[in-house]
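Chains as they are written, first to last, in my numbering: chain A, 53 to 169; chain B, -7 to 104.
Hint data in this document are derived by calculation from the structure and do not stem from the laboratory. Computed from a predicted model, the values in this text were never measured in an experiment. Be a bit skeptical, because a hint or two may be false.
Per the computed footprint, the stretches of chain B lying under chain A, defined by three or more beta-carbons under 8 angstroms from a beta-carbon of chain A, are [unchecked claim]: (1) 39 to 53; (2) 95 to 103.
Keeping only pairs whose Cα atoms sit at most 20 angstroms apart, straight-line, the calculated SDA-like set for lysine to any residue is [to be verified]: (3) A/Lys161 to B/Gly32; (4) A/Lys125 to A/Pro93; (5) A/Lys130 to A/Pro92; (6) A/Lys161 to B/Thr78; (7) A/Lys130 to A/Asn119; (8) A/Lys125 to B/Lys6; (9) A/Lys161 to B/Gln77; (10) A/Lys161 to A/Ser126; (11) A/Lys161 to B/Glu51; (12) B/Lys6 to B/Thr102; (13) A/Lys161 to B/Val52; (14) A/Lys107 to A/Tyr77; (15) A/Lys107 to B/Thr92; (16) A/Lys122 to A/Thr57; (17) B/Lys1 to A/Pro92; (18) A/Lys122 to B/Thr90; (19) A/Lys125 to A/Arg102; (20) A/Lys161 to B/Glu64; (21) A/Lys130 to A/Ala149; (22) A/Lys107 to B/Gly32; (23) A/Lys130 to A/Glu69; (24) A/Lys125 to A/Thr79; (25) A/Lys107 to B/Gly34; (26) B/Lys1 to A/Pro93; (27) B/Lys6 to B/Asn54; (28) A/Lys161 to B/Ser76; (29) A/Lys161 to B/Arg36; (30) A/Lys161 to B/Lys6; (31) B/Lys1 to B/Glu64; (32) B/Lys6 to B/Ser61; (33) A/Lys130 to A/Leu99; (34) A/Lys107 to B/Asp91; (35) A/Lys130 to A/Ile98; (36) A/Lys161 to A/Glu69; (37) A/Lys161 to B/Gly34; (38) A/Lys125 to A/Gln60; (39) A/Lys161 to B/Val80; (40) A/Lys161 to B/Gly50.
From the three backbone atoms N, C-alpha and C, an ideal C-beta is built for every residue, glycine too.
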Amino acid sequence: AQTVTQSQPEMSVQEAETVTLSCTYDTSESDYYLFWYKQPPSRQMILVIRQEAYKQQNATENRFSVNFQKAAKSFSLKISDSQLGDAAMYFCAYRSANSGANSKLTFGKGITLSVRP
Amino acid sequence: NAGVTQTPKFQVLKTGQSMTLQCAQDMNHEYMSWYRQDPGMGLRLIHYSVGAGITDQGEVPNGYNVSRSTTEDFPLRLLSAAPSQTSVYFCASSRTTTDTQYFGPGTRLTVL
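Just chain A, with the same shape it has in the complex:
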């Protein structure tokens, strides 16, 4: 079974600075997808970024980028030029690329990011 670990329950960053959120995972599969979801106080789960395991290039979406280290099973999220609206809980998640699996998203426990003005 796959597991996702987010070991830091809370982090804080100064507005306009850069912060990195850590995530590690465990799997015996070679093909899978990794995600970061953002959950602001509104409770809505918002997709931030997605990484395909077969791609060596790290995914980027505007101010958000990942450092994907497949051998180390590490998937960190970097937020550049942090904004007050980035304050939220962030979840790292894993999904198998095997269509025969039950295809669930396996989530970490989340990390609460606060942004200081």
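Using the hints, position chain B against chain A.
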């Protein structure tokens, strides 16, 4: 295009009552699922469906039923509510079993 919608947004039940949480998507997604979110636990899969007429259990299915009579709708039924079912419930859908899942706004359920 409304995406994934859920009703109600909030609900309070008494122990033993039953109710149905509604979920609908207008993206013609084959895969739909229900998760519950508890403090410090992340999200856990309750039930899922890979298409109309096909459902299966996730990690925490006890006390919940689902059915999928159409591609668009995937209701979650609580048969006899218990305080342990107090949680936030999310419905999600994806085009395929491996594609990105998109989430509804959630339902906060309190069972007294």
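_Structure versus earlier hints - violations, ascending order_ = 4, 8, 20, 21, 22, 25, 30, 32, 36
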